[in-house]
Amino acid sequence: MERQRYIVRLSSQERQELENIVKKGQGGAFKIRHAQILLHSDVNVQCKSVEEMASMLHCNKNTVSEVRKRLVEKGFAAALERKKRSTPPKPRLFDGEAEARLIALACSTPPEGRLRP
Numbered sequence: 001m002e003r004q005r006y007i008v009r010l011s012s013q014e015r016q017e018l019e020n021i022v023k024k025g026q027g028g029a030f031k032i033r034h035a036q037i038l039l040h041s042d043v044n045v046q047c048k049s050v051e052e053m054a055s056m057l058h059c060n061k062n063t064v065s066e067v068r069k070r071l072v073e074k075g076f077a078a079a080l081e082r083k084k085r086s087t088p089p090k091p092r093l094f095d096g097e098a099e100a101r102l103i104a105l106a107c108s109t110p111p112e113g114r115l116r117p
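Okay, so the sequence shown: first residue is 1 according to the numbering used here, each after it adds one.
Hints in this document: simulated from the structure, not taken from any laboratory. Keep in mind that a hint or two might mislead.
[Stated by the list, open to error] Under the rule of at most 25 Å between Cα atoms (straight-line distance), these lysine-lysine pairs were calculated in the BS3-like manner:
#1 Lys61 <-> Lys48
#2 Lys24 <-> Lys48
#3 Lys90 <-> Lys23
#4 Lys74 <-> Lys84
#5 Lys31 <-> Lys69
[Claimed, not checked] Restraint-style ranges between C-beta atoms, simulated for each label pair:
#6 Ser11 <-> Glu97: 49 to 59 Å
#7 Glu52 <-> Ala29: 19 to 29 Å
#8 Asp95 <-> Thr63: 34 to 44 Å
All C-beta atoms in this analysis are idealised placements derived from N, C-alpha and C, irrespective of residue type, glycine included.
Whole structure, please, built from the sequences with the hints as guidance.
What follows is the structure in structure tokens.
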């Protein structure tokens with residue numbers, strides 16, 4: 001059995017909020033799954049091991065560990081939200097200058113013998 005590196009201690013208010021998320025189904029599946037992980041990780045209640053929780057909640061052991069880690073290191077709200085991307089999925093095709101030239105070209109009169117819709 002793996003020793004717990006990140007120990008989760010929830011206040012009664014945090015626990016109540018997590019129970020409401022799970023009970024009402026607020027938010028997406030991601031948020032509900034993370035709420036379930038945090039509820040089962042609380043040391044104030046009977047805490048389960050990472051392997052037990054992963055099999056019970058049908059997720060990976062790394063997911064359980066990462067949610068616990070995010071709660072301890074970044075706080076309650078960060079543990080329930082998705083990690084923000086540091087870079088966009090693909091780079092921009094136009095910078096501000098190229099975009100301005102394209103708009104100016106599109107708004108200008110068409111060349112002789114051509115039409116624009």
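Structure-based check of all given hints:
1. The hinted pair formed by Lys61 and Lys48 meets the criterion: a straight-line CA distance of about 12 Å does not exceed 25 Å.
2. Pair hint Lys24 plus Lys48 holds up; C-alpha atoms about 24 Å apart against a cutoff of 25 Å.
3. Straight-line distance between C-alpha atoms of Lys90 and Lys23 comes to about 37 Å, which puts the hinted pair past the 25 Å bound.
4. Of the supplied pair hints, the one linking Lys74 and Lys84 holds, its CA atoms being roughly 13 Å apart against a limit of 25 Å.
5. For the given pair, Lys31 sits about 16 Å from Lys69 by alpha-carbon distance, which is consistent with the 25 Å threshold.
6. Taken as a hint, the range 49 to 59 Å holds for the pair Ser11 and Glu97, whose Cβ atoms sit roughly 52 Å apart.
7. For the pair Glu52 and Ala29, the supplied restraint of 19 to 29 Å holds, since their beta-carbon distance comes to about 21 Å.
8. At roughly 38 Å, the beta carbons of Asp95 and Thr63 sit within the given window of 34 to 44 Å.
Taken one by one, the earlier hints fail for this structure only at number 3.
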